[in-house]
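Chain A is fixed; fit chain B onto it per the hints.
Line by line, the protein sequences give chains A and B.
Our numbering applies: residue 21 is where the first sequence begins, and numbers increase by one.
Our numbering applies: residue -4 is where the second sequence begins, and numbers increase by one.
Everything labelled a hint here was simulated from the structure, so no lab data went into it.
Since we're looking at a predicted model, the values are computed, not measured.
Just so it is clear, CB atoms sit at the ideal spot from N, CA and C, and this is done for glycine as well.
Among these hints, one or two may not hold up.
To be verified - Have a look at the derived ranges for each label pair, beta carbon to beta carbon:
id : chain 1 : residue 1 : chain 2 : residue 2 : range
1  : A       : LYS206    : B       : ILE608    : 54 to 60 Å
2  : B       : SER71     : A       : LEU629    : 23 to 29 Å
3  : A       : LYS407    : B       : SER71     : 53 to 59 Å
4  : B       : ASP228    : A       : GLU637    : 23 to 29 Å
5  : B       : GLU220    : A       : THR545    : 22 to 28 Å
6  : B       : SER71     : A       : ASN501    : 44 to 50 Å
7  : A       : GLY460    : B       : GLN18     : 52 to 58 Å
8  : A       : SER315    : B       : GLU220    : 55 to 61 Å
9  : B       : ASP228    : A       : ASP258    : 37 to 43 Å
10 : A       : GLU637    : B       : ASP364    : 22 to 28 Å
11 : A       : ASN236    : B       : ARG550    : 46 to 52 Å
12 : B       : ASN595    : A       : THR525    : 38 to 44 Å
13 : B       : GLU22     : A       : LYS322    : 46 to 52 Å
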Amino acid sequence: MKQLFLKKINKKSLILALAVCSITVSSIAQESIYQSFIPEKKKSYINYEWNKKPQWVPIEEKDTGEESVFILNRTIAELTIGTNNEGESVLKSYLIEHSVIILNSDKSIENNNKIYLSYELGKDYDLRCRVINKNKMITMNDDDIKETDDEQYGKLKYFAIRGLEKGSILEIVKIQSVRFNVNGIKFALESKQPQKHLHTALICPTQIEFLYKTYNDFPFEIVSNTTDKNRVYEIEKDNVPSAKEEPESYEKAQQAYIIFKKNHDNAKSVNKFSIYKESSENYYKFLCGEIFVTSKDKKAAKKWLKGLKLPAGISDIEKIRKIEHELKYNIKFFGGDPKYDMAATVYTKKMGTQLGLFRALLTAFEAAEIPFEIVLTCDRSVHNFDKEFESSIFLDKELIYFPGIKNYIDPISKYNRLGYFDPDFRNNFGLFVKSAEIGGTQAGVGKVKWIAPNDYSENYQNISVDVVPTLNNQKLKVNFNIETFGHNCLTFQQFYEYWNEEVQTKNKEEIVKSLYPTGEIEDITVENTQPQMIGIKPLIAKGNVIVKSLIEKAGDKFLVKIGDLIGPQQEMYAEVGKARKYDVDTRFPRQYKRSITFHIPSGYKVSNLDSFVMKQELKIDDKIICAFYSNYKLDGNKLILEIEEFYKECHVSKDFISDYIKIVNAAADYQKLSLVLEAN
Amino acid sequence: MKIKIAILAVLGIVASLNPMFAQTEIEKYKILYPNQPIVQLNSKITLESKVDKTGKIKISETHEEEFIYLGKAASSNAFQKIYYSEAFNTISNIEAHSQSWNGKKYTKYIVGNFDHKEEISDNYFHDDIKFISFRFPELNEGSKSYLKYTIEYKEPYLLHAFYLANGYPIVKTEVQIIENKNTKMGFLEYSFKDERGTPRLSNVKSTQKTNGGKTIYSWIAMNPEMIKNEEKDFNFKYNCPHIIPHLISYTYKDKTTPVLGSVKDLHNWYNTLLQKNKENESLELKNLSDSITRNVTDTLEKVKKIYYWVTKNIKYIAFEAGLEGFVPRPAKDVCRKRFGDCKDMSNLQYYLMKAAGIKGHVVWIGTRDIPYKYSDIPSPTIDNHMIAAYKHKGKYIFLDGTASFNPFSYPSTGILGKEGMVHIDSNEFEIVPVEIPECEKSCYFDSLNIVISGNRLKGNGINLRTGYYGYMARNQLQFLSKQDKKDFLRQALEKGNNRFLLDSFSIVHDQNEEMPLTIQYQMNLDNYIKYNGNELYVNLNLVKPYAEREIDSKRKNGIMENYLGLAKHIHKLTIPEGYSLNYLPKNHTTKNKLFELQINYEIKDNQIIYTSIIKNFTLEIQPSDFEIFNNAINTINQQYNETIVFKKNK
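Next up, chain A with everything else stripped away, as it sits in the complex (with noise of 0.2 Å):
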């Protein structure tokens, strides 16, 4: 049996074919304008077939505006028995995606004329694609296939597709045999274009049951249906209007969508059947079974350990972190043989794969001592974890937790390091998985629990700086002290070092350049840049800058444009008063604290300094979630102005959009302050 693997990529950026898949049934689509392009459903879609003489129609007058819109959008995922070449019984499964799409602009045709699609050596896929435009249709065959073997992508077929004009229909049908996990199959519902009639479906013998779960706003009815050969889950719709795009959001993670597991119980079973259950043994037993692990890693986990010579009585924080750095800063990622998957590889040769990282951080924590355990989780902006409704899908990156300082590390990333990763598998739920003797061995037994982001204190930017006019020339002498801490400049600690000294010079002249445009650099200074410093200490620019157009002349007063030395401020004027779908999700909980020491220039005195208070918070169950405040003092003919603004959450629920609006645009408006400076 031919097997596939399809993807489609957008020149270098990979983009996974279309993961959705929906499930209906009910009624078949209403008869409409679209019906020629839309196939009967049927018991089996392996052997699927788009109709053969589909009626080109112009897109409707209400759609004008659309860019492209579907006329069908047909996902299904289908588990079928069949046999294997030694002719027992295996469960194969396939996915079926027959899309219809009418182009109406000329970013649609460009985002569409080129289809990428990786294969498997060996294995096979069934692609057909056509454009009906209103006069003639024409189907892509063979000989528009280009093939070649890319480095990153593996095997490709690529072709472009001909004869795409504004107002094509561009039918794709892609049959592809692929492994699903069966305890978690996911189907997004929404998308940015309109559907005209989405059909999304799972079908699966009829020996296997699948339990569901919807998320969201799910205005979609699954119907399943069970006959004597399969079981059928289904939903169609027809015009789902498009998905809502906002800032401060992440969408897919709030848009309707299903997620499918196999029902391993029945009616005879005694313990329910635990995905996380079964997942916290094998993930445990891969990272750190005997099998995995065994007493020669372990004796050359001690004898590397011995060998960094860590001082008498450190604490477990710093043994973390030294045996973080040590492993990840001297590894050389390489593969091709099953030992460099193995923790001692990575000891002895410093190189291995990102599982023989893995392995060797979690054997190197066990020989020092310090308790852990191993996280899964998922990234929230795509799916949050669901403690209830288990499935594999919760489970697709894992952490290393360390319960006695309550942190984490990204064990196979090599530049992240203690607390600082991808905040995005953060404020979430996961499973933590901890070793326990069970009749006699180790084994791994997981348990829910909440994974904390980073305290606001954790990721923060304090600017400090003195401010000497000369009102003459107009301009102004900015000493500076900028602290950024985390998160903020997690990029710069992690790889100050690995640039050269062009590039070193322009990300540090950048830290200034990013606060004031057009400022002139005096000289520059940068501490803490080293990886080590990655949440220990903040990394710190000092220096001077010259930043000129900040003082404006009005007759015989002058404007000086003092908030823009706060830098460029991210604003929501746009969202004020708009109606909100979404809930606001940012990365990770961020403070920020401004001081500016204005030296009055003799002979003149400040006329305005009231608009310099400013306050807005944001209070749930009275507690300030959110807040920014300025205020200011006078010492002799210095002018001492303080801002500060923090986030102390990275989810806000959208009931609360309007004051998280005004907070954000209170820092956006103190941009635009300026002194009045008048003569005595």
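Below, chain B without anything else, positioned relative to chain A:
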């Protein structure tokens, strides 16, 4: 070994191949090249042309290079690739090894595995670029790598250029071009001097020696200045000293075969490539040409219709595999497929014109990334683009099929000031300069009527863009959804600061290049008006296009502008009720050879009319112009900061 000793002699290091010496050597390079993670110790390229026994021309190029890694991240250089065109080159005789430094001594590791691979190009949909990848083992701080390989040219017209500098320090770089008695080579030395005529290489020696029938042209440069990439700068070809070789001719049994001895030879070769494409015409193409030019009698109007049809309907997808990169695909296929690259679109235009009874031309041309002229060197390295042309009243109109929304009769921005080789027929061609349209041909006009309401400015505006301004905006707008258009225009039309909001807008002529792109809009700008006692301040420099343009004093490279243009802003402010004008800034004009800016204030009825006009006169701001430019910007910024004061009536 000789090379190594030569380097050491240059550096003044006492040669002694013991560990202490090695340590000293590393430290020495760290002192000579502080904070540089990579230093190329040696680069040698030798190109040799000869004729084999069967009369075939053989050109091979040997590369030899040695690096030392001085940074902690030395291992990040371990994976290396040698790129080549499968159709035009073969790579052979690869030797590579690393010398790993463990802090005490060097250990040599020979590279054994060389994988032949390919990858999807960022620039072309389909090409024949392959690479050989390998890994230098055990590269640590202080380690070295050595690589040698040979490129054989299958196509003598397509020789590579040799660059004498790079983005990292080079201790010594050497190029040799060897001609044998039956081959004749030419070469161009380029960018050896900057625009002021100052040599870029302080230590370069070029020689010519003839020995045993071989003539060797040689260049040796020590410590060439590193090449820096900067925003909006010219292509590195403008700044990096390099040598472009070309084969003039070769002789076998008294018969001399010309290759690239003259521009005529270059045209001959291009012509042979053009002739490879034979199946251009079809009934479908004829029908298409007829339908495009239906009801049009004027020839120029027909050309225009064809040009716009191609730019709008043929999507750019590039094929660059072997000669596919030079031979246009049949016009009839391109019109059916609705996609193609520059040469396909130029050829299609030619045949659509032909089908309409119009004599058009295909044109080979280099974009502004390429600095050379045909008089510099007869080589295809001059050209990287194809367009079409039509001669009207003795002047060529250049038609770039890839420039969607570029107005007819405007050359595309990428070729302004360049030379094109216009194909007349198999034997004839013309070298034609591409004119740069004057700034008045591309206008940006924005007029805004505004009133003060509390601390807010409110108003109605109209924004018109012609020429290249219209082209750029239409190109951006065509890819935006309705909401994205609003976001885009909010930024594009911003006045004052980012509190600027568009209450509504309408766009007219976004698909019609023959008319000014017109945007009508209603805006408001909250919190812009500043009150202080009985005074009110408003700065009518709501747009400051030159405010942030001061050129960094450390900048080394010139700045390349896209086109010449004229921008005019008119802001008509109604004097707020209950207030009188207390201070009005003076009018101002700054003019130099690069640009002109005028700011005028006028009181008319109960309005203050602010007018700003900017004209730019050059596409290239050279380093020698930076001082003039920055002085002007400083003056302008002072004018931008002039604020109008109104006083409350008593």
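Outcome of the hint check:
no., hint, result
1, A:LYS206 with B:ILE608: 54 to 60 Å, "holds, 58 Å"
2, B:SER71 with A:LEU629: 23 to 29 Å, "violated, 53 Å"
3, A:LYS407 with B:SER71: 53 to 59 Å, "violated, 41 Å"
4, B:ASP228 with A:GLU637: 23 to 29 Å, "violated, 47 Å"
5, B:GLU220 with A:THR545: 22 to 28 Å, "holds, 26 Å"
6, B:SER71 with A:ASN501: 44 to 50 Å, "violated, 32 Å"
7, A:GLY460 with B:GLN18: 52 to 58 Å, "holds, 56 Å"
8, A:SER315 with B:GLU220: 55 to 61 Å, "holds, 58 Å"
9, B:ASP228 with A:ASP258: 37 to 43 Å, "violated, 54 Å"
10, A:GLU637 with B:ASP364: 22 to 28 Å, "violated, 54 Å"
11, A:ASN236 with B:ARG550: 46 to 52 Å, "holds, 51 Å"
12, B:ASN595 with A:THR525: 38 to 44 Å, "holds, 42 Å"
13, B:GLU22 with A:LYS322: 46 to 52 Å, "violated, 36 Å"
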